[in-house]
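J.: Sequence:
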Amino acid sequence: MMNLSHKEEVTLWLFLLVPFICLLSGYSMFYYIPHQEVYINLLCLFFWAIYGRGLLDTTKAVPILIYSLSCVWVICTPLGAHGELPFVKLVYEFLFAVSFLCLKPEYRFWVYDKFIKILAVIFFLGIIEYVLAMLGITHFWGLLHRQVSSGILPFYQGTFCIFPSYYGYSVFRFQSLTEEPGVVGTLCAFILFTLNREKYKKEFYIFCLAGILSLSLAFYLLLLLGLLGKIKAMKLKFLLLSVILAFSVYFVFEDAINERIVSRVNVDNLNEIDNRSSAMFQKIFDQFLLSSDVSWGIGNRTFYSKDYGSNAGVKKMIYQYGFIAIFILFFSYSYIFFKFNGFSYSTLLVLLAIWLSFYQRTDWNFSPNIIIFFSYSLVHINDLRFKT
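Residue numbers for the sequence shown follow the numbering used here, so the first one is 1229 and each next one is one higher.
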């Protein structure tokens, strides 16, 4: 592997392991060990700090430093403004992001390449299990329980897929082994945005199918954005194939699509589109916008000490951290993204997709996304040839 020492090889494999650990559902039966993402991240950071000197790239030290300081500001805003400790999850995600950014281009590409290929295999096996379940052929390892604000939701543990309790009664969404189908949908959309279709032909179709089966509104909206951006360069036969595939999927899953996607964009039912916050929280958020807390937020832990119902997305983060932290995050992330990927129409389109998804999911240093977005330009450089 690129003439590396054994310890350097272990370091890179740990970088590869981290995103898979972070993608696993926290309520999975036997794939998940409590706090395993913390331990793996710390182990990766340890090997990187002790044995990774030969893997480091110092050419972008200044942009990485600026981004690091910005992240520290955002993460520690509740500490400085309200005396509340930052969340551990944000800390280890930040440490992974910075350490990954410090890798040389060829090593970031190696991690990206292996991540795409292995994830495609996992999704492919999950899709097979999903189709078999649709045909009534199943083998479950046990019953799972997911704690949500409204109570406890039952699921079934498969080998490469998690199934909702109603799987035998109606069409259900594909979620692989992740927390929810939306994770698969958003991740597939991001991968398709940046994937070199000539190099990863099989993987391209697998991620397309996985995203479609997730029935994720985010996947369809982000994919539409990507298609609009590439329509001039798209071959006519591929466009025709996409239209035929879309109509075929709609015909097969008509009821589920009408229920889970079409009904959510009905103008008479706008609350279903913005399903990241409860009505109670929306009322409180409107009051917050007029209060003196709008700059620094109310604090991350104060938020969870109150019962606001089910909430996620950027409104929740603004309420916790305030607008100053959000602005700093927006500019620093955009800055580091362009420093690594260059400024062009295609990179601007990808960044737009990132910020559109941020409305729904605010894990800006989520390790799979970091690997996808900060190896993006590398995948499209024709003369980049590394043995993988």
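Mixed in with the good hints there might be a few duds.
[Unchecked claim] Capping the alpha-carbon separation at 27 Å, the derived lysine-lysine pairs in BS3-like fashion look like this: (1) K1429 x K1317; (2) K1342 x K1332; (3) K1342 x K1534; (4) K1534 x K1511; (5) K1317 x K1544; (6) K1567 x K1332; (7) K1567 x K1427; (8) K1288 x K1429; (9) K1567 x K1430; (10) K1534 x K1429; (11) K1567 x K1534; (12) K1332 x K1511; (13) K1544 x K1511; (14) K1332 x K1345; (15) K1429 x K1332; (16) K1288 x K1534; (17) K1342 x K1317; (18) K1332 x K1317; (19) K1429 x K1345; (20) K1342 x K1430.
[Said to hold, decoys possible] Derived DEER-like restraints, expressed as beta-carbon distance ranges: (21) K1342 x T1530: 17 to 25 Å; (22) T1387 x G1254: 14 to 22 Å; (23) V1238 x Y1259: 29 to 37 Å.
If you're looking for bench data, these hints aren't it; they were derived computationally from the structure. Cβ atoms here follow ideal geometry from the backbone N, Cα and C, with glycine treated the same way.
J.: Now, for every hint given, state plainly whether the structure supports it.
T.: Right, here's what the structure says about each hint:
no.: 1; hint: K1429 x K1317; in the structure: 34 Å, violated
no.: 2; hint: K1342 x K1332; in the structure: 16 Å, holds
no.: 3; hint: K1342 x K1534; in the structure: 42 Å, violated
no.: 4; hint: K1534 x K1511; in the structure: 14 Å, holds
no.: 5; hint: K1317 x K1544; in the structure: 16 Å, holds
no.: 6; hint: K1567 x K1332; in the structure: 14 Å, holds
no.: 7; hint: K1567 x K1427; in the structure: 24 Å, holds
no.: 8; hint: K1288 x K1429; in the structure: 32 Å, violated
no.: 9; hint: K1567 x K1430; in the structure: 30 Å, violated
no.: 10; hint: K1534 x K1429; in the structure: 48 Å, violated
no.: 11; hint: K1567 x K1534; in the structure: 40 Å, violated
no.: 12; hint: K1332 x K1511; in the structure: 48 Å, violated
no.: 13; hint: K1544 x K1511; in the structure: 13 Å, holds
no.: 14; hint: K1332 x K1345; in the structure: 20 Å, holds
no.: 15; hint: K1429 x K1332; in the structure: 26 Å, holds
no.: 16; hint: K1288 x K1534; in the structure: 42 Å, violated
no.: 17; hint: K1342 x K1317; in the structure: 24 Å, holds
no.: 18; hint: K1332 x K1317; in the structure: 25 Å, holds
no.: 19; hint: K1429 x K1345; in the structure: 11 Å, holds
no.: 20; hint: K1342 x K1430; in the structure: 14 Å, holds
no.: 21; hint: K1342 x T1530: 17 to 25 Å; in the structure: 41 Å, violated
no.: 22; hint: T1387 x G1254: 14 to 22 Å; in the structure: 18 Å, holds
no.: 23; hint: V1238 x Y1259: 29 to 37 Å; in the structure: 22 Å, violated
When held up to the earlier numbered hints, the structure conflicts with 1, 3, 8, 9, 10, 11, 12, 16, 21, 23 and fits the remainder.
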